[in-house]
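S.K.: Residue-level listing of the chains:
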Amino acid sequence: MSEQFEPVIIGFTCNWCSYRAADMAGTARIKYPPNVRLIRLMCSGRLDPTFVLKALSGGADGVLITGCHPGECHYLEQNYKALRRYLLLRRTLAQMGIEPERVKLVWASAAEGVRLAREIGVFVDEVRDLGPLRWPTSLPAVHAEEAKMMEEVAA
Amino acid sequence: MSANGNKNEEGKERIGVYVCHCGSNIAGVVDVKDVAVWAKEEMGDEGVVVARDYKFMCSSLGQELIENDIKELGLTRVVVAACSPHLHEQTFRTAAERAGLNPYLSELVSIREQVSWVHTDKVKATEKAKAVVAGGIERVIQNEPLEPLRVPIHPATLVVGGGIAGIQAALEIADAGHKVYLVEREPSIGGHMAQFDKTFPTLDCAACILTPRMVSVGEHPNIELLTWSEVERVEGYVGNFSVTVRKRPRYVDTELCTGCGICWEKCPKKVIDEVFEVGIGYRTAVYTPFPQAVPKYPVIDTETCIYFQNGKCKACEKLCPTGAIKFDQEEEIVLLEVGNIIIATGFDLFDARRIPEYGYGRLANVFTSAEFERMCNAAGPTDGEVVMRDGVSKPASVGIVHCVGSRDRNYNNYCSVICCMSSLKFAHLVKERTGAEVYNFYIDMRTAYKDYDEFYQRVMGEGVLFVRGRVAEITDATRSPGEEGKLVIQVEDTLAGRQRRIPVDMAILAVGLEPRADAKEVAKKFGISCSAAGWITEKHPKLDPVATMTEGIFIAGAVQGPKDIPTSVAQGAAAAARVLSRISRGEIYLEPIRATVNAEMCSGCRICNNLCPFNAIIFHEDLMVSEINHALCQGCGTCVAACPAGAISGTGFSNEQVLSQIEGLLEFSFAEEPVLMEMTPA
Amino acid sequence: MSDNGKPKFAMYWAASCGGCEIAVLNINEKILDVDANFEVVFWPVAMDAKYKDVEAMPDKSITLTLFNGGIRNEENEHLARLLRQKSQILVAFGSCATEGCIPGLANLSSTEQIFAAAYDSVSTVNPDGVRPEYAYDIPEGELYIPAFYPVLKTLDQVVDVDYYMPGCPPESHQIAAVVDLVIKALHGEAELPPKGATIGAGMSTVCDECGRKRHVKKVKKFVRIHEVEEIDPELCLLEQGILCNGPATREGCGALCPSAGAACIGCYGPAQGALDYGARLMTALASVIDSNDPEEIDSILDGIVDPVGSFYRFSLPHSLLRAAKPAWTNGSR
Numbered sequence: 001m002s003e004q005f006e007p008v009i010i011g012f013t014c015n016w017c018s019y020r021a022a023d024m025a026g027t028a029r030i031k032y033p034p035n036v037r038l039i040r041l042m043c044s045g046r047l048d049p050t051f052v053l054k055a056l057s058g059g060a061d062g063v064l065i066t067g068c069h070p071g072e073c074h075y076l077e078q079n080y081k082a083l084r085r086y087l088l089l090r091r092t093l094a095q096m097g098i099e100p101e102r103v104k105l106v107w108a109s110a111a112e113g114v115r116l117a118r119e120i121g122v123f124v125d126e127v128r129d130l131g132p133l134r135w136p137t138s139l140p141a142v143h144a145e146e147a148k149m150m151e152e153v154a155a
Numbered sequence: 001m002s003a004n005g006n007k008n009e010e011g012k013e014r015i016g017v018y019v020c021h022c023g024s025n026i027a028g029v030v031d032v033k034d035v036a037v038w039a040k041e042e043m044g045d046e047g048v049v050v051a052r053d054y055k056f057m058c059s060s061l062g063q064e065l066i067e068n069d070i071k072e073l074g075l076t077r078v079v080v081a082a083c084s085p086h087l088h089e090q091t092f093r094t095a096a097e098r099a100g101l102n103p104y105l106s107e108l109v110s111i112r113e114q115v116s117w118v119h120t121d122k123v124k125a126t127e128k129a130k131a132v133v134a135g136g137i138e139r140v141i142q143n144e145p146l147e148p149l150r151v152p153i154h155p156a157t158l159v160v161g162g163g164i165a166g167i168q169a170a171l172e173i174a175d176a177g178h179k180v181y182l183v184e185r186e187p188s189i190g191g192h193m194a195q196f197d198k199t200f201p202t203l204d205c206a207a208c209i210l211t212p213r214m215v216s217v218g219e220h221p222n223i224e225l226l227t228w229s230e231v232e233r234v235e236g237y238v239g240n241f242s243v244t245v246r247k248r249p250r251y252v253d254t255e256l257c258t259g260c261g262i263c264w265e266k267c268p269k270k271v272i273d274e275v276f277e278v279g280i281g282y283r284t285a286v287y288t289p290f291p292q293a294v295p296k297y298p299v300i301d302t303e304t305c306i307y308f309q310n311g312k313c314k315a316c317e318k319l320c321p322t323g324a325i326k327f328d329q330e331e332e333i334v335l336l337e338v339g340n341i342i343i344a345t346g347f348d349l350f351d352a353r354r355i356p357e358y359g360y361g362r363l364a365n366v367f368t369s370a371e372f373e374r375m376c377n378a379a380g381p382t383d384g385e386v387v388m389r390d391g392v393s394k395p396a397s398v399g400i401v402h403c404v405g406s407r408d409r410n411y412n413n414y415c416s417v418i419c420c421m422s423s424l425k426f427a428h429l430v431k432e433r434t435g436a437e438v439y440n441f442y443i444d445m446r447t448a449y450k451d452y453d454e455f456y457q458r459v460m461g462e463g464v465l466f467v468r469g470r471v472a473e474i475t476d477a478t479r480s481p482g483e484e485g486k487l488v489i490q491v492e493d494t495l496a497g498r499q500r501r502i503p504v505d506m507a508i509l510a511v512g513l514e515p516r517a518d519a520k521e522v523a524k525k526f527g528i529s530c531s532a533a534g535w536i537t538e539k540h541p542k543l544d545p546v547a548t549m550t551e552g553i554f555i556a557g558a559v560q561g562p563k564d565i566p567t568s569v570a571q572g573a574a575a576a577a578r579v580l581s582r583i584s585r586g587e588i589y590l591e592p593i594r595a596t597v598n599a600e601m602c603s604g605c606r607i608c609n610n611l612c613p614f615n616a617i618i619f620h621e622d623l624m625v626s627e628i629n630h631a632l633c634q635g636c637g638t639c640v641a642a643c644p645a646g647a648i649s650g651t652g653f654s655n656e657q658v659l660s661q662i663e664g665l666l667e668f669s670f671a672e673e674p675v676l677m678e679m680t681p682a
Numbered sequence: 001m002s003d004n005g006k007p008k009f010a011m012y013w014a015a016s017c018g019g020c021e022i023a024v025l026n027i028n029e030k031i032l033d034v035d036a037n038f039e040v041v042f043w044p045v046a047m048d049a050k051y052k053d054v055e056a057m058p059d060k061s062i063t064l065t066l067f068n069g070g071i072r073n074e075e076n077e078h079l080a081r082l083l084r085q086k087s088q089i090l091v092a093f094g095s096c097a098t099e100g101c102i103p104g105l106a107n108l109s110s111t112e113q114i115f116a117a118a119y120d121s122v123s124t125v126n127p128d129g130v131r132p133e134y135a136y137d138i139p140e141g142e143l144y145i146p147a148f149y150p151v152l153k154t155l156d157q158v159v160d161v162d163y164y165m166p167g168c169p170p171e172s173h174q175i176a177a178v179v180d181l182v183i184k185a186l187h188g189e190a191e192l193p194p195k196g197a198t199i200g201a202g203m204s205t206v207c208d209e210c211g212r213k214r215h216v217k218k219v220k221k222f223v224r225i226h227e228v229e230e231i232d233p234e235l236c237l238l239e240q241g242i243l244c245n246g247p248a249t250r251e252g253c254g255a256l257c258p259s260a261g262a263a264c265i266g267c268y269g270p271a272q273g274a275l276d277y278g279a280r281l282m283t284a285l286a287s288v289i290d291s292n293d294p295e296e297i298d299s300i301l302d303g304i305v306d307p308v309g310s311f312y313r314f315s316l317p318h319s320l321l322r323a324a325k326p327a328w329t330n331g332s333r
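Chains as they are written, first to last, in my numbering: chain Y, 1 to 155; chain Z, 1 to 682; chain D, 1 to 333.
Derived by calculation from the structure, the hints in this document are not laboratory data. Take these hints with a grain of salt, some might be off.
[Unchecked claim] Covered stretches of chain D (chain Z as the covering partner; in silico rule of three or more C-beta atoms under 8 Å from a C-beta of chain Z): (1) 216 to 230; (2) 278 to 292.
[As the list claims (entries may be wrong)] When the alpha-carbon atoms are kept at most 30 Å apart in a straight line, the in silico DSBU-like pairs for lysine-lysine are as follows: (3) Y/K31 to Z/K12; (4) D/K195 to D/K60; (5) Z/K12 to Y/K104; (6) Y/K31 to Z/K525; (7) D/K184 to D/K213; (8) D/K195 to Z/K524; (9) Z/K394 to Y/K31; (10) Z/K266 to Z/K314; (11) Z/K12 to D/K195; (12) Z/K12 to Z/K33; (13) D/K195 to Z/K520; (14) D/K30 to Z/K525; (15) Z/K525 to D/K52; (16) Y/K104 to D/K221; (17) Z/K247 to Z/K314; (18) Z/K520 to Z/K247; (19) D/K30 to D/K6; (20) Y/K104 to D/K218; (21) Y/K31 to Z/K124; (22) Y/K31 to Z/K539; (23) D/K8 to Y/K104; (24) Z/K542 to Y/K31; (25) D/K52 to D/K6; (26) Y/K104 to Z/K266; (27) D/K52 to Z/K524; (28) Z/K55 to Z/K124; (29) Z/K318 to Z/K247; (30) Z/K520 to D/K218; (31) D/K50 to Y/K104.
For each residue, glycine too, the CB sits at the ideal point set by N, CA and C.
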């Protein structure tokens, strides 16, 4: 029997709020599942949809985007740009057959280590329930099957 | 061996990987030795030439390991897997620099706060640590050598807010020989402290200790005082701010005015003073807020002045011995060039009307702490007599309610820090000036500073009665003969374990401190952030309370959060010290995380133009391209992410760096064959 | 070199519409320069030749091959590999070869959905519901037809490509310019750009060539072009709420469509600095939405009725995701 599927999730944090919240969760020794690997950006406004697509096409089962609460962005209002991009990206992903719930936006301030850890736990559960995405970036096995048939014919 | 090392023959970087044990903080959960061995074996093809593990990488011996490897092995990149970059990124950058490697070619990835401290499964934690290291290695390959930006510092300073914190800051900088502009919204400096009667715990007269400072400010050759003025706009960046200040017209010529006071003595129009006297005293239409005002020049309130309202009177103009009244005076806009800004705009008080069950505004003898301060003040509306709202009767019993609007989820959840001490002070003053029975209704006694608890013990010794319980209601609906004509304070006495109804003549509400009503606008104006409540956000709550996250802008006093006078003074001095250190260096270094537009690739679509809250992006109409001013750019990267042509690049967090890091984090994720990242076909 | 000393030239169409061939022919008199300077050895639209002729050519004997069309099936891939083997310079010519183009939109569907559309829809008479089979038994033996790949690939996802010429089709004046450049390079009078470069196009985007006036962007709504009462001929289309892909699309066409009052649909593919074309459009358009309220943003986004269609019309197979889930999981297979 195969072991339980454990999702691999890439998380984007912002240097001033959510990354500090993650640090704070660490300092307070709060436990959360190891499925999330965090990347530090200076601001959630740096989040390029290319990064999310790169992660999803690269094997990640989910992407977590975090940043400062609206109104509290260190760079004043850049988190709103992240919000706008996130909403459009989800619609596009749905059309591509990727459940939009695989990409989630969570706001967390530097003091909210406990909350961020909890949100990570919730998201890991949500992605686990969705199942693996494991987007095939190499070409599908079907092609290999056909290639084999061609070789047999040529022989 | 050249200073920055040489790539090896295949054009790959030479990478050193250092995995820290951090004692048992990391090593207790992550198999650090395994990670180091794995890095050398699995990532050798990426360019890893050495991978070590060590007990404490941040120690001098740990740093030496890196420095020696850079020199002897010709490393071109360094990855340290240890604690959070917020702690030691600079440490390892400096170590790299000492060994001759550009500091920005060193990366610190966290496997402590983000792995060993938050996960319990050692196998999974080690796996994740490897992924994090792989991410760091792929990223660092894309790092570019960078040079920090050097910015000159203008020696003048702007202090916004003339309360005790602002006064302290201004005096420190001015005494050091540098120019200070002190901008204050009210006609006089002094802030809230000028309204107090006595200050705890020493019971010093507030005016006596404050006014000498105010006079020093007024007379200091290095301080330019702009009262009755407000900051309109702030442009520029650290070391080079251009601040537009609007000086409202006083209608008094300050060159001619001697401060003799005849104008306000003879002004026929009396109005209630809502600001300084908090609505329980009067002033005239032409007025100074209090006798010891600095500057001494009065202002005319055009909303109430008879001349401005219907063209009559002009008594002040007629009687002024020097002809200083100038009804046609206009506002003045001045532009100040400063290098640093200290914001010390103070606090507002919680509006007790929001708690209707306490009866403020409805029941005559319910007072706020601010009203009571004015009452006690010898120069106040009752000449310092403690009397009831009729202005005559002395109270025989007084109830002082702590935590009004504070420590309350319905209003403000935080503790306002100074109300317990204020309430004890009031208890003492009531006892001193009347023979009244005094009750203090408290939740906890917060007297945690030098001599504060001793003051509490003294007040206890003076016979003040203490009831531990949050007051439920102050009402005039009496139930028994003993309550007739009195205010009844309904409270659960938690120590006695029962409800009590305590009749008093007068109630004083110790209202909490709140941010200024316009805190959010002020924060936006200066480009700093404030919390959801409105307190300005400090750079670090433990270690950097007077700096903000915007370079060149500091904060001091209650604008950062509720605090008492000694702490405000200390913060004012601290902010001044920070500014003075900048001024003495003459220049500062800024992190070179900046965005740049490649003019050749820019199409002039202008999509980026509106995305910068720091106005760093300009559009050249003639060339039809956009450009980014590096001194204004704060490095958030929003424009880099938004450019549809990919024409904007960002140093420090480039696309190549982030995309490579994503690749690295996912490279070794799967038990089955790794997912291939093919960019070119086989 | 051929017998008459002229360098050899080939052009092939894989899964395509034939428009690229027309575009080449559209260079008018310049075609005489092609004829004067090259010997055309393989060009199915213009001359008769057999695959075995190409197989017989020595490796690297064709100087320049323009390969257009996407790799849809086994035959396309066979020719791609063959022509790579036989050519010195292989150019992915046109949007199909460089990024997948319209045939690439089939990557949104599974093979079964594609076959159903082709063989079961009202325009096809197929009463027995016949489906093409890879192998088929006849008395004389087994017949094979080229295998149909579940996902369309671009040329560079199959072989090494020297240059990319984007466009659907590449504009004839750009083709003429490239022909000129290659001829000069052959005579040693010019240098070819580094391998992997995009030719016949500029470094920036369509906005660079577009004459419309542009201002700071604040978009309050997105509309379909037919919903606009009167399109201002001088003003940027995006500022009028019309979804124009110009900001993200490589320049080179002369901004033909916006000049004519139509929104750019992006046939020239991504600009130099872009990894995923659709992502650039998503980020740019979303960033300039003039709202911070999630509900309002959502209602503005409702104006983009078909995000994948708008953002990946030409570039789907070359995007990071390459195909939608149905194509990867491929239904019954």
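S.K.: Compare the structure with each hint and give your call.
M.R.: Do the hints match the structure? See the list:
1. Here's how the region 216 to 230 of chain D fares: 3 of its residues keep a CB closer than 8 Å to some CB of chain Z, so the rule of at least three is met and the hint holds.
2. Counting residues of the region 278 to 292 of chain D whose beta-carbon sits less than 8 Å from any beta-carbon of chain Z gives 6, enough to reach three: the coverage restraint holds.
3. Under the criterion of a C-alpha separation no larger than 30 Å, the hint pairing Y/K31 with Z/K12 is inconsistent with the structure, at around 38 Å.
4. A hinted pair counts as satisfied when its Cα atoms are at most 30 Å apart, and D/K195 with D/K60 qualifies at roughly 16 Å.
5. Using a Cα cut-off of 30 Å, the hinted pair Z/K12 and Y/K104 is violated, with the two alpha carbons roughly 37 Å apart.
6. For the hint pairing Y/K31 with Z/K525, the CA-to-CA distance comes to about 40 Å; that exceeds 30 Å, so the pair is violated.
7. Distance hint between D/K184 and D/K213 is unfulfilled; the C-alpha atoms sit about 38 Å from each other, more than 30 Å.
8. Proximity of D/K195 to Z/K524 is assessed by CA-CA distance (about 50 Å); at most 30 Å being required, the pair is judged violated.
9. Simply put, Z/K394 and Y/K31 have alpha-carbon atoms about 61 Å apart, too far for the 30 Å limit, and the pair is violated.
10. For the hint linking Z/K266 to Z/K314, the alpha-carbon distance of about 11 Å falls within 30 Å, and the restraint holds.
11. With a C-alpha separation of about 21 Å, the suggested pair Z/K12 and D/K195 falls inside the 30 Å cut-off, and the hint holds.
12. For the suggested pair Z/K12 and Z/K33, the alpha carbons sit about 25 Å apart, so the restraint of at most 30 Å is met.
13. For the proposed pair D/K195 and Z/K520, the alpha carbon gap of about 55 Å is over 30 Å, so the pair is violated.
14. Under the criterion of a C-alpha separation no larger than 30 Å, the hint pairing D/K30 with Z/K525 is inconsistent with the structure, at around 62 Å.
15. Proposed proximity of Z/K525 and D/K52 is contradicted: the alpha carbons are some 75 Å apart, above 30 Å.
16. For the suggested pair Y/K104 and D/K221, the alpha carbons sit about 25 Å apart, so the restraint of at most 30 Å is met.
17. With a C-alpha separation of about 23 Å, the suggested pairing of Z/K247 with Z/K314 holds against the 30 Å cut-off.
18. Restraint check for Z/K520 and Z/K247: satisfied, since their Cα atoms lie roughly 22 Å apart, inside the 30 Å limit.
19. This hinted pair checks out: D/K30 and D/K6 have alpha carbons roughly 17 Å apart, not beyond 30 Å.
20. The hinted pair formed by Y/K104 and D/K218 meets the criterion: a straight-line CA distance of about 26 Å does not exceed 30 Å.
21. For the hint pairing Y/K31 with Z/K124, the CA-to-CA distance comes to about 13 Å; that is within 30 Å, so the pair holds.
22. For the given pair, Y/K31 sits about 27 Å from Z/K539 by alpha-carbon distance, which is consistent with the 30 Å threshold.
23. Straight-line distance between C-alpha atoms of D/K8 and Y/K104 comes to about 55 Å, which puts the hinted pair past the 30 Å bound.
24. Taking the CA atoms of Z/K542 and Y/K31, the gap is near 24 Å; set against the 30 Å cutoff, the hint holds.
25. Among the hinted pairs, D/K52 with D/K6 is consistent with the structure: their alpha-carbon atoms are about 22 Å apart, no more than 30 Å.
26. With a C-alpha separation of about 68 Å, the suggested pair Y/K104 and Z/K266 falls outside the 30 Å cut-off, and the hint is violated.
27. Of the supplied pair hints, the one linking D/K52 and Z/K524 is violated, its CA atoms being roughly 73 Å apart against a limit of 30 Å.
28. Among the hinted pairs, Z/K55 with Z/K124 is consistent with the structure: their alpha-carbon atoms are about 21 Å apart, no more than 30 Å.
29. Restraint check for Z/K318 and Z/K247: the C-alpha separation of about 25 Å stays at or below 30 Å, so the hint holds.
30. A distance of roughly 24 Å separates the Cα atoms of Z/K520 and D/K218; the hinted pair therefore holds under the 30 Å criterion.
31. For a cut-off of 30 Å, the pair hint linking D/K50 to Y/K104 is broken: about 55 Å separates their Cα positions.
The structure fails to meet hints 3, 5, 6, 7, 8, 9, 13, 14, 15, 23, 26, 27, 31 from the earlier list, while all remaining hints are met.
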